[in-house]
Structures are given as structure tokens and as C-alpha cells.
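Knowing the structure of chain Y, use the given hints to seat chains F, E and W on it.
4 protein chains.
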Amino acid sequence: MNKNQDIVAPTIALPTVNARIYPRGGLDILSREEVARLRDASRGGMHDLLRRCTLAVLTTGSTSDDPRAAQELYPDFDIEVRQQDRGVRIDLKNAPAIAFVDGEIIRGVAELLAAVVRDLVYTAIELAPEYADELDTSGGITDAVFRLLRNASVLQPADPNLVVCWGGHSIGRDEYQYTKDVGYELGLRGLDICTGCGPGAMKGPMKGATIAHAKQRKRHTRYIGITEPGIIAAESPNPIVNHLVIMPDIEKRLESFVRLGHGIVVFPGGVGTAEEILYLLGILLREENAQLPFPLILTGPVASAPYFEQIDRFIRLTLGEAATRRYEIIVGNPEKVARQMASGIRTVREHRLAQKDSFYFNWSLEVPLEFQQPFQPTHEAMAGLDLHHGRKPHELAADLRRAFSGIVAGNVKEDGMRRIEQFGPFQIHGDTDMMESLDALLRAFVEQRRMKIAGDYKPCYEVIA
Amino acid sequence: MNKNQDIVAPTIALPTVNARIYPRGGLDILSREEVARLRDASRGGMHDLLRRCTLAVLTTGSTSDDPRAAQELYPDFDIEVRQQDRGVRIDLKNAPAIAFVDGEIIRGVAELLAAVVRDLVYTAIELAPEYADELDTSGGITDAVFRLLRNASVLQPADPNLVVCWGGHSIGRDEYQYTKDVGYELGLRGLDICTGCGPGAMKGPMKGATIAHAKQRKRHTRYIGITEPGIIAAESPNPIVNHLVIMPDIEKRLESFVRLGHGIVVFPGGVGTAEEILYLLGILLREENAQLPFPLILTGPVASAPYFEQIDRFIRLTLGEAATRRYEIIVGNPEKVARQMASGIRTVREHRLAQKDSFYFNWSLEVPLEFQQPFQPTHEAMAGLDLHHGRKPHELAADLRRAFSGIVAGNVKEDGMRRIEQFGPFQIHGDTDMMESLDALLRAFVEQRRMKIAGDYKPCYEVIA
Amino acid sequence: MNKNQDIVAPTIALPTVNARIYPRGGLDILSREEVARLRDASRGGMHDLLRRCTLAVLTTGSTSDDPRAAQELYPDFDIEVRQQDRGVRIDLKNAPAIAFVDGEIIRGVAELLAAVVRDLVYTAIELAPEYADELDTSGGITDAVFRLLRNASVLQPADPNLVVCWGGHSIGRDEYQYTKDVGYELGLRGLDICTGCGPGAMKGPMKGATIAHAKQRKRHTRYIGITEPGIIAAESPNPIVNHLVIMPDIEKRLESFVRLGHGIVVFPGGVGTAEEILYLLGILLREENAQLPFPLILTGPVASAPYFEQIDRFIRLTLGEAATRRYEIIVGNPEKVARQMASGIRTVREHRLAQKDSFYFNWSLEVPLEFQQPFQPTHEAMAGLDLHHGRKPHELAADLRRAFSGIVAGNVKEDGMRRIEQFGPFQIHGDTDMMESLDALLRAFVEQRRMKIAGDYKPCYEVIA
Amino acid sequence: MNKNQDIVAPTIALPTVNARIYPRGGLDILSREEVARLRDASRGGMHDLLRRCTLAVLTTGSTSDDPRAAQELYPDFDIEVRQQDRGVRIDLKNAPAIAFVDGEIIRGVAELLAAVVRDLVYTAIELAPEYADELDTSGGITDAVFRLLRNASVLQPADPNLVVCWGGHSIGRDEYQYTKDVGYELGLRGLDICTGCGPGAMKGPMKGATIAHAKQRKRHTRYIGITEPGIIAAESPNPIVNHLVIMPDIEKRLESFVRLGHGIVVFPGGVGTAEEILYLLGILLREENAQLPFPLILTGPVASAPYFEQIDRFIRLTLGEAATRRYEIIVGNPEKVARQMASGIRTVREHRLAQKDSFYFNWSLEVPLEFQQPFQPTHEAMAGLDLHHGRKPHELAADLRRAFSGIVAGNVKEDGMRRIEQFGPFQIHGDTDMMESLDALLRAFVEQRRMKIAGDYKPCYEVIA
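Protein chains in written order, with the UniProt record's numbering: chain Y, 1 to 465; chain F, 1 to 465; chain E, 1 to 465; chain W, 1 to 465.
These aren't lab readings, by the way, just hints derived from the structure by calculation. Treat the hints with caution; some may be incorrect.
The list cannot tell twin chains apart, which means a pair is met if one copy fits it or any two copies do.
[Claimed, not checked] Mimicking DMTMM-like on lysine to aspartate or glutamate, the simulated pairs with C-alpha atoms at most 25 Å apart in a straight line are: (1) K180 to E228; (2) K356 to D40; (3) K207 to E335; (4) K336 to E104; (5) K356 to E34; (6) K180 to D159; (7) K93 to D40.
In isolation and in its complexed conformation, chain Y is listed as follows (with noise of 0.2 Å):
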């Protein structure tokens, strides 16, 4: 990675620089015709995209959580990707001088500004509209999501020991320390962790899990963040993130998660988080994954036990006694998370040697279409939930996610809110005990600041039994 920069001064008030790198690690041996497209990708519809993304990058573990900061604080930086012969050259143009060192760039966001200069060219290339067709069917798409993971290089043949860890991103600094506590444990029992790669939650294990592998001398250690588009700039990727990959949206992301993990930990978050635990036992609670062993633990300090005892309860009563089998709460006790994880991670190594499945890709789990495509929670998708005792357990989890979604929707995002001004509450078919129940987690979440409202609560849809 060498680099040419002069210091300019800077336009505002921050401090810039102009620079430009020669970028390795995939990007070190593409053809003139890969060069040439990658060029033009970066010059036109990709561009702002491009943009917003590195910035994201180069402000990495800058104090500031707001996106727009960035972009206000450092409104004249520009990126061009520019075709050398002997490969890519990237030219920056005021960039925030905090991401170098005497004029140098910071080489581990020098990493992470080409694994974003990788995905999204990728991405742009690769997965274009006119293999749409592709992309249309459930086993197209996860051979999308395996290609672009393996393209970002976290695909290693290596024996299993990756843990994903969920939670929110603004939590509180007990929690945080919590995530912290359980990544230090998971740490000490080698094992590498993966999250959404933003602050809170996605940061606290990583940052835990640092010190015990600097303890126990672990060499190559995967700190693995991925994230998407729409977030990357409202959650800057932590300093710690040595392996980012962009996917190109929410729900991509969310297969490569359960596909990637070897056991997947969620602590304490926002309605956000609840909604992933509904996605991931619509999976698991499937005939066709019922054999297939998935570490779920479900944990937080003492103090957060409500958050859990809650969701556990509203799971007991819509998807019933036999979902609660998919997963463990552990409440004040980082050790025991770590060592149940690493016990459950063995039993996944057996069970994939047994059946010569691999380990770096979880190939035998079912996930269907409908969880791999966006919900769009307008009126008339959300009068066709049907959420009555009696449903297949899978089938019932993923109309409850797509019902959640749909009521935050309407209560806290902008365009949500309008239609329920626009056409009144939601219609929602459903059992009244289930949608007291949602409800009463949604008001314990509103109480708990885990979902922001302005005023009170009020329901945005009505029951129709």
C-alpha cells in the first residue's frame, strides 16, 4: 500500500488530506477489461454510493455516531477509482485526516476502504440486473450471497469457531459492558467473532474478544463486520473490524449471518433485534432444519432480564413451548455463555463432519424465498398475516416478524406513518391473546427506551379475530 499526498487545508474546519492508494488484496490482479468496468462502475450510478461508503470508512472510530455528520463535516471529499496499468489506483480527494498517520494512510483502513471498493464493484458487476433471473430463485440467491462472501475472502476451510453476535447499537453502558464481558470469554476459548460491524453490541464483543486473544496469543483472529449500504453510514465500521463485507441489502445480510455463524448470541436491543430472533426461528423452527444443530443463546447482565423474560414469554404463547427448545437464556453470566457456545460449536463441527457438509458455509439450512426478499409492509400485505393458533410454528414466526415490522413501521419510520395517516390503523387478522401479547412487548419496549416514540403509544392497527 503506498500512497502520494500533499495536506491541503482543510475547508472547514477539520483537518483533510489528498491521497492516493494502490489497493492489495483482491483487487491487486484484475484484468485491464476489470479495471476498465471497475473504472466506470465507480464513476456513475455507483458513485455516490461509493462515496458515502469509504467516508464511512475513513471516520471509522471517530467519536461522532451521526451519519450525517460525516458527510456535513467533510462535504468537499471525493473518491476515483482510476485505471493504472499495473492495476487500480484510488485517488482521494479531502479526506478526513484522521484515517492517517503523518501523511499516511492507516493501513487497516486502507484494508477496509478496498473491501469496500471490492463489494460494491462486485456487486455492480456481478450480481447486475441482467442476471436477475438468477436472483429470482431461493438457491440463485444464496449462491449470490456464498460468491460474494467467498469474493471478500471470509470463506476459510478452517474448523468451525465463528460466532455471531446481535444486540443494539445504542444500549446501555452496563450492557455494553456485558458484551464486552461475553466477548472476553468467547475470546478465551478461541473463538472469532462476527457482527453488524457498528457501534454498542456489534462493538463491545470484539473489543472483549481482542484482549482474551491477545491473552491466549491467538494468531489470526477474525474480527468479521457485515454490513449494507443503508447502514454502513449511520454505523461507521468499528476500529476493530478486520474483515468488513458489504451485502448489497438487509436481507442478503441476514443470510450470511445465519449461513457464516457457527452459533449465533443475541444481546439485549431495539425492536430491531427482536425482529432478527422472529427471522431466525421462522428458520429454525422448519421441518427441514429440525436435525440441524444451531447454537441460539439469548443473554444480558442481571439487569436487563426483562428484555428477555419478555420476548421468551411472547414466543411461549405464539409459537409455543416447543420453539423455546431452539434457544437458551443466560442472564449475568458471560463464562456460561462462552462455554455453552463452545460446547454447542462442537457439536455443530460433528454434526457437519458427519454429514460432509462444509464448515465455512452453512449449505443445509433451509432458507426459503420469502425470508430472503423484502417485506413491504403496506395495508394490503399487512391485512394477509394470518396470525392464529394452530399455524405451522415457522409459518406463524415469519407472518409475527413481517406483523412487527410492519407495526414499528407505523409507529416510528417516516413513510409508515404516513399510510397510517393516510388509510388508518393496519387490519390485522390474528388471535386477540397473540396481538395483546405483541402489544404488551411493544409497550415494555417503549417503556425500557429500547423504541423511541414522541408522545404515547398508541396501537397503529386494529384485530380483526
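Just chains F, E and W, lined up with the frame of chain Y:
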């Protein structure tokens, strides 16, 4: 690389083994889709090709030189590529036991085996007819060559140090020893070797370099063998080759040599070697390539001096004195060959740096379409040649190469000999002195037993001034 | 590193573990004779020392700072070094469970444990009394320091990049954060850290550097902690230390710092830190060392400026303006500290190259015998000091350091206070202004709570002009 | 390894070079004191030894076998070890140019050169007369052997895989080819080779293994050559050796073989080889070693079968049938040799694990003092031998070895022949059948040209029953 196997009774005399191989290195992280395509290709039209090439690799280093021998000695050998959830499995039936140690395949052989599968499949899938339009342009062909070499992992962004060695596969003992001596001196200077991967002048330089590399404690050594399906069976890769590449045809193989190598050493050989020299001069004498440094050394032991004198005389007469600036003839001095080559490659390095050209692929070299496409020596094609003084040297070189190729075919190749019988001698338009010189060259080859003729040599062409 | 162990019931409250450890790294290839001597030494007079030091290492990173705590919390802890044909086995009884994960010792802790055994045994065997004559000369002591460091594998023929950080072990929160910030900036510039291996200013720089090294993807990082038996129990190595060295006494520890380090950063500390500055100036101001580059930076946050101002004033008055050329004071600017240090170390590198001096040990630095031997602050010794203007600065610096050391002892150390009570105040021969300045400095330390005194500060000496 | 050098005019015919070498690997981190001792030793009594040994290394791989040749061809060669602040510098004057490439020393040669300096100096300094008392005991000698080998870095805690190969240095072409074939089969099975480091049976196995290791892609290969000052000049290390050790004398060299190696293959050789077999049986037949697994295979091509048949017959008659359980004779089957050796070494591994004995040094093998001390074949010593049936086999083996050694000396060594001339034949006390068998063995060696005699063979001893 694991495997299970049963020792089975050999069908004829030679012991064979049944084995299952789980290959690594590019074949270990495949998508389900890719594995399926690989399996289908290996069962379909590609199966016989695959069978022949893998048998060549499995008999690597065995004493016999006769390609048919392998087919006859192992008549029941078969190969099947199978799909497993975890990737690819290669099943070998009645495979030569010499490729195994205590029932376990020799690791180097397994690597060559995986290389065969990798390249044949890449060609079958990625360079299939539906890409035919791409392969109509010179740039498209170069791009295909690049991608095949990259897929074979022989493109590395390291300092230039790759010497291509050309020469005959059946040369005399003294000439063979000389190729070893040159390889030794090249190896002492840290240079790696690339050849056509068979015996003779393709093996000697690698053998010499191996000893020198060991003495210099060189860790990362590259003995690259580039072959093509029509040759591999007859010229089984020598056991030193640690990177094997199978290009789809002779022209792409030649282009690989000139784009990968940083310099070329030509040892004595048959008419094929003379053709290769004309191929290379036809490229290097183009105006576009005039400024490109490209070390080219013709060398052999003292006793082989006449071979190069005749070639040199022929080039001077046909292409002019200027053409001789592109090569140096060194006789009986391996150390000088190595010193000159090392110095020439340093110049290549500086030139690439100055031009910001890549170290691993000579993009700047202009190889026109007619050098990338096969030449069919029909009577029409031969009559179309224009061998007169006054033409541009590189065009004349190209036509001379074709004339050469056609005349050789007319003398020794079944297909060509039949045509001559049927339609009479080729009618070649050319200046008399040039054709006489060509004739003298061919006669000398016959005398030196470098071209094998049944009976007396009789020209198969007539000159039309 | 293997081990067997049984979890046993803790004697008091804290859980303990019995374990067997087979150490690596210098202890793995021993002769039978060496193993026997090691075992004997560990059972004989060295046993208590070994027990205390290993307990310190096993409680690494635990929250308590109180050394006695460890001894009281693990009263039944014991260690035995045993002989096995294959080498050394260390048996731990009732060892702190916090050093273990699921019954397996943390690898980093095991390394520190092996380092303790290695160094204590080397000192006991190789620097035993029978070598006493060697240790009477300055060269002999330096040689012993060299051999101990080499045996600890901290002498590496790599480029100069080792920054020694000095400062207090119990500093304020702001000062601690500042040491982290400086460590971070040093780490960003590829510099490694060496400290006294305890908490406070000995931990902060390592912690900051760890994060920076991760960001810069630095693979081979060195966090060297150099301690001695009298300190290690009280200042347990922080968990980041990956190279631990236990020197036999304070003087050899100080010599290790100045011969190993390529530059020194001094953070605010107590009187000990002030003494260390005088030790270093006493060496650097010698004519023999005048031409040796040795970057020395005194730095702290803005709020700590007074500390260095007082020291600076004291040095100017006593040793003269010229002495200040040997150091630079930087306040509140971690980035500048790192830039200056990196630049200073580049000068060191060039100087060593020009002098053909080694990179890993500063042989050229003249450290006279009186700096290598302990100073006992008896009344006679104190009366022998000569604190008058006009002396050579380095001699005056040495005597000032001794005066300082004696006065501190008279004020706060049990032994010294008893002597004062018994024989009255020290009689120090010195110029009045110099002694007043010394007095002012001490009073400032008391005010800033850097020297802890029961009751009011009362000088324990009388000046005799 | 750097160097400066001037090409100088050769004194006689062969080109020479002056060079300065800065060695690595154990000589790079020395104390000033050590460097001074090294320099003094190399100038003092050790200088001639050092000069001879380094010249042997510098002419490694040259065609001539005659040690005197080297001395005569390079009469002005000299070496000086010099002190530099940064470590050691070796100055070579009029050194053979064949050890250099374009003025730069071949890296492997430089390593062997550093090994020579390292071992001679270690012996001169660490095993000097003042340690004589230590070397009076069996344990002390074993300890010295251990420390010398450790200092040479050949003790590695890796899995047992080291095969010692013994046999003649001037053997026939077929026998040489056979040693290569066996080395090849050993290498295919991942085994490393240790020999006496000269030509013939000491080179062949390494050469074969090199090719096999390359085919098996074995990265860390060990070709250990163990020699001693009296032999190295005559048997210059072959160029494949990558670990050279110079033991102080023949007995320590033999002890190194039996303690380092995990199994021994004996090829046909001269009388020296027969002596080595008796040495080994004298050790293995001791009761203390009865339970120790130690694979020992005697092997050669079919044509060499008589050699081992005679030895076998001699052993049966003298030491009894039981002795033959300690070895296996395999004729004309390299693959079987390798399979048996690999299997034997697996047993060694299990035994060491069970006994917790080290992998890298056979501490458990009992080698008594008389095997560690030289035998001087005076008439008194020969008369003291006791070659009667009924003695313990290992004692008889020891005496047979001595008798053998004395008789060979009396027949072919200048010193021994003179004694016989002066004092008449040796008077040996022994049973007639045993002595006749010995006689038959010697006559066979003469016939097979394995012992070179001027004129007819005439016994140099008389039997006294």
C-alpha cells in the same frame, strides 16, 4: 488432501489403486452450482480429455516416454468428479500405483491432478462457445489468457524473476546436461523457471535450478509448466513442476509464455523450436514493441553451435541485420547466460516500474490477432504467403513461421503428407535466395537428426518468384 | 503447553486450581543436568521468591492493586518445578482459578510463568556468588545484563523501534488517559513499548499501542515488561505484557532500560520517577556519551505541566542550562511526542549503522560502576555527598540522585525514618540555593500528592555549606 | 548475510575471492566478551583447524574427492574472525570462487561456514580442558554432546522422523544408486535424513530424499551432516546438507548419531561400517537398553547381499542368535526398507510418549563410558581383549569392535603397520572359531575391495586360546 482407497488387483501387470481425493487449492471453496457444473462437464464431452490428462499426471516421472504406453498400461483407468456438500471429490479407478505411497497419493501429484481438473473445467465453463464473440478479438483472447493464468494462481505481484526456457524434448545427453547447467546458474541468481513442462530442455533447467535454489536456501520456488491438451499426454509433466497450467491450445500457450516470462532462453531443439523463435521475432520486431526490453538468449553447448549459426544466418538473410539486435547467441557458457539474463531482467523491472506496468503480466506487449489464431497449412493458405524481401520484418517473420510450419507438416505430419500426395507440392511465392536459405536450414535439421524423415529429404514445395 | 489439573475446593473464598504445566520457550530443551539444577534451585533458597513472583503473574490483570492481597487470598498456593525425562514440569497447587479457562491455563499467563522460572533460575545458576568477581567490574555487570536479556529472547536484530516509558504506577485518571493516548500515537508509527510492567504509566502506553498496532495490522508486537523481585509482587505485570524479564535488582533493571530502549518517554510520576530522570541525566551528561543520540521526552497532559516545570527548573539550577539539551518537554500533545520520538529513533538508527553498533543493545553507552551499584543512604554516605556548583554536571547529577534517594528514605521509608530518629538529620554538604531548590521540589511533590507523608513535611536534613 | 569483496588474481590457476561475511544464526547476538574470546580462539591454537574445516566447506560440491587437493589448490586461503561492535565478522582471503555467485557467497555455503565457526568455537570455549573433570564421567560426556547439538539448533521438539544412514563413502555405482532409492522412499514417507555428511552412502540418501520431499511438498526438511575435524577435510560436506555439526571426536560423533536418530539404516561400506554395526550392537545388547525400541536395518542391492550375509553369520556365531533380533536385513527392496523404518519409528514415538522421554534426544539409551572413550590399539590393549564364548554379548561386542579396529589398523593404517613391524603380531586371547570367523570376514572384505591392501592379505595377529 485426504483419501480412502483399496488396493486392487492390476488388470495386466502394473499395480493400480482406487482412491478418493478431496482436492485443495481453488477447488476447495466452490458453490454448489459450480460443483454441479464441474461434475457435469467431467462426465460429458470433456471426460475423455480429462481422463487422458490426469493419466499423464499420474504417470509423471515414470521412465517411459511413450504416451500410448500409459494408455495401454492402464487401460482400465478412469476418473469421476463427484459432488459432495463440502465440495469436490475426485474418484480414481485403477490408477497407477506409482503415484501413491503406502496407499496415500503423493502430495505433488495430487496438486497436479487438481490443476488438470481446475484448468479443463475453467476452459469448459468460462471459455465456452457462448463467449465465442469475446474470443474473436485480440484483446478478448489476451483477457482469456490472463484469466486462466490468474485462476491457476501463477500471477503473483512479486519482483520479475521468471525465465522461460524453450528447446527440444528429445535432445542429446550433452545438450541435456547443458540445460541443467544453465538452470543451475539461473537458480543461483534467484531466478525461477517456466517451461513447456515435458522432458529434455523442458526438464533440465528445472532440475538444475532445484539444486541451486536449495543451496541458496530459496524458499518460494516456482517451476511452472505450461502445456496444452494435445501435448500433455505425450509430454507428461516432469516431477519438478510445482505449478501446472493447461492452456486450451498452442497459441494461448505461446502467448502465456511471452506474457508471463521476463526473459526467454532458447536451447537447441527441433523444427518446433525454430518456429517458436520466428513466432517471438514476429512479435518483437513490431514497431509497437520496439521499445520493450525483452531478454532473449539462444544458447547451447559448444557442439551445438552449428544449430544456432544456421538459424542466425537464416534470420540475417530474411529479416535483416536489425533483427539480430533482439537476441544474443551464447555458446558453451552457462554462467554468462545467467548473468546476461539476470541483467536483462533488471532492465525489464526498471521499465515496468517506469511505465507503471504490472510485474506479473506483460500487458504492454502487442500480440496481433494473427499470432493468436491457429494457422492451417492448406494449399490456399500456403499460396497466400508472401516471402519477398522488402516487407516489414515482423510481417515477413510471421509468414516465414507459417511457411516453416506448412513445410514441416508436408514432410512429417500425416495430414500434411496426405495433402501433398493429393494436390502436389505447395506453391510458395517468394524470393529465391530466401527459399534456398529455408531449404538449407531444413536439410541441416535433417542431418542433425532434429527432424525425422523416412528416406531422403525431398522438398514438398515449389517456389514461384 | 499442556496440563492436567483437578478443580479443588478453594481454601477461603476464591476458587483455585491444581495444574501441571509443561513450559515452552527456552525451558523446553534442557539437559538433564540443567533440569536437576533448576529443580534444586526451586526447592532451595529460591523457593519463596519463586512462589511470590509466580503468584503475581497468576493474578495478572486482577483488580486489586495490593500485593499482600494476593498472598492472603491464596495462602495455600504453592509451586514445584519437577524433572521429567522430557524436560521440565511445573506443578501448581491451589493456584488462582482466574488464570485458567475451563481448566486450561491461559496461554499468555503460562508464558509469563515460564519467564519467571527462566529468569530466577538463570540468575540463581548463572549469576551465582561464584561469579562474584565478574560482577565487580562495570564491564562484567553489563555483560551479565546482556546475557540475561538474551536468555529472555528480547534481543532481536531488528530495526530500532523500542520506546521505554517511565512514570508513576498510581497516577490520576487524566494522566492515565494521556499515557494511553501517547501509546496509541507511538503504536500508529510502528513503535514497540517497554515499561516497568506494572499499572498506571506502565500499562497505559501498552494499552494504547495495542489498539494502534491492531489498526496498523502490525503482526510482531513487543510489549516488554522489565521488573525485579522486590517490585513484581506489588506491581503485577499487566496482562498486555508479552515479554516479561525479571532482573536481579533495581540497578540492573535500570541498565536494561537504557541499553535496550532506543528512546525514553517520561510521564508524571512520584519521586521515583524524578530519581530515574537524574539517573539518566547522570549518564547522558558524561563526556563519553556526549555524541550518542538518545531521545528523551518528558510529557504529560496540560494539567500536569507544573510537575515537569519544577523538575526542569531544578535541573537548570543544579546541572546548568546545558543539561536541558538532553531532553524535551512536551505538554498535552501526544501526536507531537510520537513524531519527535520516531524522528529521534531514526537518528539513533543512523548513528548505530555508522558506528557499526548493534541495534539491539546499546553497548556504546558508558554506564559507570557507581550507577550499577546500589546506594545505601547511611549518615556517612549522605555526609559524603558534594552538592556544590562547579562540579561536573554528571557527577553532580549522580550525587543529587543519591541525596534525593536518601531524603525520600528519611521521610517515608521505615528504615530511613528510624535512622533519622536515632542519629538526627543527615548532614549534607551543599550550596544553599541548590538545597533550597531540592526542598521546593519535594514540597511540591507532597502538595501534588506524589509523595505520601504522614503529617506535615519536615526536612530530614541540615545543609552544611 | 552481507559481504564486500574484491576479485583477486588467483595464485595458481583457480580463481579466488576475498570476502567479508557477517554471519547469522547463533553468531549474531553475542556479547562483547564472547566475540573477543571467539576472535582469540580463532587466532590461537584453533586457527589451523578452522582454516582446514572452512576450506572443506567452501569447496563443497566440487568434483575432486582428494582433501589434499583443496589445500594445494588454494594454498593462500586464510580466514580471520574479527570483532565488531555489532557482532562477528569473518574475513576470507583467497577463498575458492566456486563458493560465490557474482561475488556474493552462496547462502547455503555461508550457513555451513557459520556452523564451522560456531562448533569449533563452542568446543574450544565450552569444552576446554578446565572442564576436563566433567568429561571424565559418562553423564558428563553425554551432557557435552547434548549441549553441542543444542547449540547447533538440531534439537527440535518435533515428531520423531530422523533416519541415520551409515555406509561407505566410496561405494560402487549400483550401491550408490540404491542409497538414493532408499532415500527417495524414506523421503516419500516424510522422514528426514542424518548422515556423516560426506560422499557415497552419506550423500545418496539425502539426494533421494530431496526429490521425494519436493514431490511431497515438504517444507521443513532436515539433511543433517555430523562430522568431526579429522574427517571433514577428507569428506567435505555434500551440498545438500542444511544442518552441519562438527563434533570434537569420533566417539562423540557416534553418540550423536545414536541419540539424535530415531532409527538407523546401514548400507554396505568398508570395515568402518562393520565397526559401527558392532558399536551399535554393543550398546543395544546391554540389559539396560533391552526394552528400548531402536529400528536398525541393514540393506543393499541384490548384488551386495554377500556383504550382509557375512556380517550376519559373524554376529550369529559370536554374539548368538539373540543378537539378530536387534536388526533386520533387507535386500534389494528400498520400499520395504522405508515401510519398516517408518513403522519402527512410530513404535519409537509411542515408547517415548509412554515414558515421557523427549523426542529430540534419546536420554534413555545407556551408553557406557568405554564406548565414549577412544580405543588405542596398542599391543597391550589388544592382548587385554577377551574374545571367548560365554561372555555377555554386549561386552563381547565391545571387545570384538576393538579387535576389529586393531586388526584393521595393523593391516592398513600407517601407525598400526609400524607397530606390527616393530613388535610382531598382536597376541589375541580368544576362541578359535570366533577368530576364524573374524578372519573370514576380513578376507571377504579384501576380496570385495572394501578394504584396500597392498599385496596379499596376511593376518597381523596370533590367536591364543
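Going down the list of hints, with the structure as the test:
1. In this assembly of identical chains, the alpha carbons of K180 and E228 lie at most 25 Å apart only when taken from the same copy (24 Å versus 33 Å across copies).
2. In this assembly of identical chains, K356 and D40 lie within 25 Å of each other by CA distance solely across copies; the values are 20 Å between and 42 Å within a copy.
3. Taking the shortest alpha-carbon separations for K207 and E335, both the intra-copy value of 16 Å and the inter-copy value of 24 Å come in at or below 25 Å.
4. Taking identical chains as interchangeable, the C-alpha atoms of K336 and E104 lie at most 25 Å apart only when they sit on different chains, with a minimum of 16 Å there against 44 Å within one chain.
5. When the C-alpha separation of K356 and E34 is checked against a cutoff of 25 Å, the pair qualifies only between copies, where the shortest distance is 17 Å, while the shortest distance within a copy is 36 Å.
6. With identical chains, the CA atoms of K180 and D159 are at most 25 Å apart within one copy only, with a shortest distance of 24 Å there and 36 Å across copies.
7. Taking identical chains as interchangeable, the C-alpha atoms of K93 and D40 lie at most 25 Å apart only when both belong to the same chain, with a minimum of 18 Å there against 50 Å between chains.
Every hint, counting from the list given before, is met by this structure.
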